[in-house]
Amino acid sequence: MALKASEIKVGDEHVEVVADNLTRTQIVQYAGTSGDYNPLHSDEVFTTKVAGYPSVFAHGMLSMGATGMAVTNYVGDGRLTKYGVRFVNQVWPGDTLTATVAVEEIREEDGQHLVDLTVSTSNQDGREVVRGSATARIDP
Amino acid sequence: MVDRFPVEAGHIMLFARSIGDTNDIYYDEDYAKTTEPGGIIAPPTFVQASAQWEEGYSLRPTIGEPWFGSGKEPTGVKRESSGGGGGGGLHAEQHYEYHRHLRPGDVLRSVNKPGETWERESKRAGKLKFSESITEYYDQNDELVITARSVGVQTERPVDQG
Numbered sequence: 001m002a003l004k005a006s007e008i009k010v011g012d013e014h015v016e017v018v019a020d021n022l023t024r025t026q027i028v029q030y031a032g033t034s035g036d037y038n039p040l041h042s043d044e045v046f047t048t049k050v051a052g053y054p055s056v057f058a059h060g061m062l063s064m065g066a067t068g069m070a071v072t073n074y075v076g077d078g079r080l081t082k083y084g085v086r087f088v089n090q091v092w093p094g095d096t097l098t099a100t101v102a103v104e105e106i107r108e109e110d111g112q113h114l115v116d117l118t119v120s121t122s123n124q125d126g127r128e129v130v131r132g133s134a135t136a137r138i139d140p
Numbered sequence: 001m002v003d004r005f006p007v008e009a010g011h012i013m014l015f016a017r018s019i020g021d022t023n024d025i026y027y028d029e030d031y032a033k034t035t036e037p038g039g040i041i042a043p044p045t046f047v048q049a050s051a052q053w054e055e056g057y058s059l060r061p062t063i064g065e066p067w068f069g070s071g072k073e074p075t076g077v078k079r080e081s082s083g084g085g086g087g088g089g090l091h092a093e094q095h096y097e098y099h100r101h102l103r104p105g106d107v108l109r110s111v112n113k114p115g116e117t118w119e120r121e122s123k124r125a126g127k128l129k130f131s132e133s134i135t136e137y138y139d140q141n142d143e144l145v146i147t148a149r150s151v152g153v154q155t156e157r158p159v160d161q162g
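Protein chains in written order, with the numbering used here: chain A, 1 to 140; chain B, 1 to 162.
These are computed hints drawn from the structure, not numbers from a lab. Hints are not guaranteed to be accurate.
Unchecked claim - Capping the alpha-carbon separation at 25 Å, the derived lysine-lysine pairs in PhoX-like fashion look like this:
#	chain 1	residue 1	chain 2	residue 2
1	A	82	A	4
2	B	113	A	49
3	B	127	A	49
4	A	49	B	129
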């Protein structure tokens, strides 16, 4: 279901839990599908003994992908025209991530209605991990 | 740069599972036909999986060659251009512009363009070296379908978690 410009307003929010107690197995799944096999994400020996991190951690792109689910669940399938994020903190096994998608602007460009969104995902401690924005085509 | 990235329905399904997305448009062709796109499409970040098709991609073990990840113990193999974290740097930003969404059957090729580089000091990880790259994905009809801008960062030392 696509959004309608007439039914949303600036400040509206869609909040969704996009990962619940993130498992190491899901991180391995993401390595396998994305093709990013950096040992930092699956190899505890390497990550702790060589790289100097407390444990393996998720690909930034896994948190972007999970956050993208909240965006597409809000704007509808095939409606995104832009989506971008900064990775502001790392995501660790066991994290629970909540994405907040908020309406920043509703506008019209060449007769096409668009919505600009801010996107922010935080972990269970309220620490932001992903911050970004998105734009989607919406109905009048 | 990727010469040929065939977008496949099975890959889209596996990718959707790995990001925890249960939307049937990524799994079920019959359902997808009833949606506005009218068929299976790929999730917005799927194009990142083009790495699977990149010749000699540095974050995929090459059969028969040393790999910097560990066996029973660390191998001691050094990766070129690895940062202070030893993992070869971290992903700082990713941006996509969609000219249309990908579908099974699409065959993409990508063209890379270097972007800007810059440095900054950080309390949590020392000197940070950022580098940007722009990747344009073209389909089988030579139409531009996705423009991606990626920023990577090499840290002087592992990021302090305090």
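We went through each hint and held it up to the structure:
1. A:82 - A:4: This hinted pair holds, its Cα atoms lying about 18 Å apart.
2. B:113 - A:49: Violated. Residue 113 of chain B to residue 49 of chain A sits at ~35 Å, over the 25 Å cutoff.
3. B:127 - A:49: holds (22 Å)
4. A:49 - B:129: holds (23 Å)
Hint 2 from the list above is the single one not met by this structure.
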